[in-house]
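Residue numbers (my numbering), protein chains in the order written: chain P, 405 to 695; chain C, 40 to 273.
The set of hints was computed from the structure by calculation and includes no laboratory data. Take these hints with a grain of salt, some might be off.
Quick list of the computed label-pair ranges, beta carbon to beta carbon [said to hold, decoys possible]:
(1) Arg161/C with Tyr537/P: 53 to 61 Å
(2) Ala665/P with Gly135/C: 18 to 26 Å
(3) Ala209/C with Arg686/P: 51 to 59 Å
(4) Arg102/C with Val552/P: 54 to 62 Å
(5) Val552/P with Asp147/C: 34 to 42 Å
(6) Ala665/P with Ala65/C: 31 to 39 Å
(7) Ile615/P with Thr138/C: 30 to 38 Å
(8) Asp104/C with Leu578/P: 57 to 65 Å
(9) Thr441/P with Ser52/C: 27 to 35 Å
(10) Arg614/P with Asp147/C: 54 to 62 Å
(11) Gly211/C with Phe428/P: 20 to 28 Å
(12) Phe465/P with Ala65/C: 39 to 47 Å
(13) Gly135/C with Tyr657/P: 24 to 32 Å
Here a beta-carbon is modelled for each residue, glycine too, at the ideal position from N, C-alpha and C.
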Amino acid sequence: LKATTVDGGVISAGGTRAAVRALFDPVVSHARSVRITGQVIWALMLRKFRADYGHRKLGVFWAFLPPLFTVAFFVAIFTVIKAGQAAPIGHDPAPFIALGLMNLQFYRSVLGGIAGSLRRGKSLLIFPRVKVYDLYIAAYLLEVAILVVVFTVFMAAFIFFGLIPMPEEFDRVLLPLLISSMLGVGVGYIHAVLSLKVVGWAMVWTVIGRIVFLTSGLFFVADGMPLALQEWLYYNPILHLTEWLRSGYYANYESRFLDPAYPLGFMLAVLLLGFAAERVFRADLLRGKVT
Amino acid sequence: VIRLRNASKVRESGAGSRVVLDTVSAVLPRGRSIAILSRTPGAASCLFDLFAGATELDSGSIRVDASISWPLGRKAHPFKSMTIRDAATFVARMYGQDTARVVAFLRDFAEIGNSIDKRFSRESHDVRTRVQLALALSIEFDCYLLESLTLHRNPAFQAKVWEALGERLAGGASLIVGGSRQTRPLIKACDMGVVLVNGEMMIYDDIREAVRAFKATSARRSVTAPMRLEGHPA
Numbered sequence: 405l406k407a408t409t410v411d412g413g414v415i416s417a418g419g420t421r422a423a424v425r426a427l428f429d430p431v432v433s434h435a436r437s438v439r440i441t442g443q444v445i446w447a448l449m450l451r452k453f454r455a456d457y458g459h460r461k462l463g464v465f466w467a468f469l470p471p472l473f474t475v476a477f478f479v480a481i482f483t484v485i486k487a488g489q490a491a492p493i494g495h496d497p498a499p500f501i502a503l504g505l506m507n508l509q510f511y512r513s514v515l516g517g518i519a520g521s522l523r524r525g526k527s528l529l530i531f532p533r534v535k536v537y538d539l540y541i542a543a544y545l546l547e548v549a550i551l552v553v554v555f556t557v558f559m560a561a562f563i564f565f566g567l568i569p570m571p572e573e574f575d576r577v578l579l580p581l582l583i584s585s586m587l588g589v590g591v592g593y594i595h596a597v598l599s600l601k602v603v604g605w606a607m608v609w610t611v612i613g614r615i616v617f618l619t620s621g622l623f624f625v626a627d628g629m630p631l632a633l634q635e636w637l638y639y640n641p642i643l644h645l646t647e648w649l650r651s652g653y654y655a656n657y658e659s660r661f662l663d664p665a666y667p668l669g670f671m672l673a674v675l676l677l678g679f680a681a682e683r684v685f686r687a688d689l690l691r692g693k694v695t
Numbered sequence: 040v041i042r043l044r045n046a047s048k049v050r051e052s053g054a055g056s057r058v059v060l061d062t063v064s065a066v067l068p069r070g071r072s073i074a075i076l077s078r079t080p081g082a083a084s085c086l087f088d089l090f091a092g093a094t095e096l097d098s099g100s101i102r103v104d105a106s107i108s109w110p111l112g113r114k115a116h117p118f119k120s121m122t123i124r125d126a127a128t129f130v131a132r133m134y135g136q137d138t139a140r141v142v143a144f145l146r147d148f149a150e151i152g153n154s155i156d157k158r159f160s161r162e163s164h165d166v167r168t169r170v171q172l173a174l175a176l177s178i179e180f181d182c183y184l185l186e187s188l189t190l191h192r193n194p195a196f197q198a199k200v201w202e203a204l205g206e207r208l209a210g211g212a213s214l215i216v217g218g219s220r221q222t223r224p225l226i227k228a229c230d231m232g233v234v235l236v237n238g239e240m241m242i243y244d245d246i247r248e249a250v251r252a253f254k255a256t257s258a259r260r261s262v263t264a265p266m267r268l269e270g271h272p273a
């Protein structure tokens, strides 16, 4: 066995083995580090899952309770106000509200998970295998995994009871939810930095949260709003995503308001800004000191 | 191997900020037991934080090419309100180990009896330290980071830990030891030394030389540099 080196020399069999090893070493060590990162993220996810749900009697069932009660509460209000009138689209208000709420929840839960993951998890950075991005990725994956389960169970129940049909185009379900969650990542980073750097941000944030809650289309269809209002509502990317998600379930509903490029572009911009802000202020975030 | 390139770090604490590293470029070799000698308060701990990735450099880069343990012998623990069993499971998963084996090792080594399902934060300092040491020893690291040579107040347990560490050292592992109150035991435990003075890092291949240099610098320091008073808590 002989091999020619780059400079034309010939090396022996032992040298070949060394050369092959040298060639594959980066690949092997890369595969190893990917495996280690996977192990760490998995361990972090299970740890956080146990911390969030493990010590309660009902366990993960707690994840279902808030959306269940929220939907039930607003369905009750819908029923009382509209005196039995049907939901804006479809026959039943429950799936209509649930879709809006779930879409918003993909944004809000991920946002909360990302914004708090460094504060809650920084003590774990003392383990040399745990890197900052592992904390973020674990927080994102756990929030999304729980929401996917909750969402699937809710929708399966609605479909089972014949309240909404099975979605025909799954991209209309997956894409808006994915964009909502990634929007949560970007805003989560920005929120974490601003709450550290801007005095009184908590107050501003509360107001923003309320505005987002009211304008994200939990209770209305954008097309049904006055045109002057629609012009303002256009700037809330989550409303677009709500309309997008609903168009996946209500086969005869096609939103005129929806502009898929806007939430997508908004999400990418916020994500870029968020990553940059997190990287620049990471030392401050780790110190956790309000300045 | 730990490589520092133009590394700078100022450690900020309640008692003011102190320079730990000032554009240091250095290589700490693999397979050697290294003592970190410094009179800057918290300098060794800060260095360990940097090795472990718990804090970031202000500038420059650090690269750790070895499987190092987390710093052992600290009061603070990362497990917060996890149960001891959960902590063991977490560590085992993170290092790709069999969780049952790690829990069994922990039970056997730490001698904590029925405390295994209790919350970490509710346990005494004694138990927490036992668990941390047992967990670190349940994983085969290339290098163990020790905040000081005294790892546990209980002499029997201290001896047990050092017996286990001795086996690891015989198997090719190494130590990095911080804390420099007593240099005599350090000379026994380590074979080379790093002296940190005013952000400068000097590496000595022989631990005796390092200790000598350390004593000299600290003596000079006491003459030339007065106590820092800025930001001192009233």
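Hints versus structure:
no. : hint                               : verdict
1   : Arg161/C with Tyr537/P: 53 to 61 Å : 32 Å, violated
2   : Ala665/P with Gly135/C: 18 to 26 Å : 43 Å, violated
3   : Ala209/C with Arg686/P: 51 to 59 Å : 40 Å, violated
4   : Arg102/C with Val552/P: 54 to 62 Å : 37 Å, violated
5   : Val552/P with Asp147/C: 34 to 42 Å : 40 Å, holds
6   : Ala665/P with Ala65/C: 31 to 39 Å  : 52 Å, violated
7   : Ile615/P with Thr138/C: 30 to 38 Å : 46 Å, violated
8   : Asp104/C with Leu578/P: 57 to 65 Å : 40 Å, violated
9   : Thr441/P with Ser52/C: 27 to 35 Å  : 32 Å, holds
10  : Arg614/P with Asp147/C: 54 to 62 Å : 55 Å, holds
11  : Gly211/C with Phe428/P: 20 to 28 Å : 24 Å, holds
12  : Phe465/P with Ala65/C: 39 to 47 Å  : 54 Å, violated
13  : Gly135/C with Tyr657/P: 24 to 32 Å : 49 Å, violated
Comparing the model with each earlier hint shows violations of hints 1, 2, 3, 4, 6, 7, 8, 12, 13; every other hint is respected.
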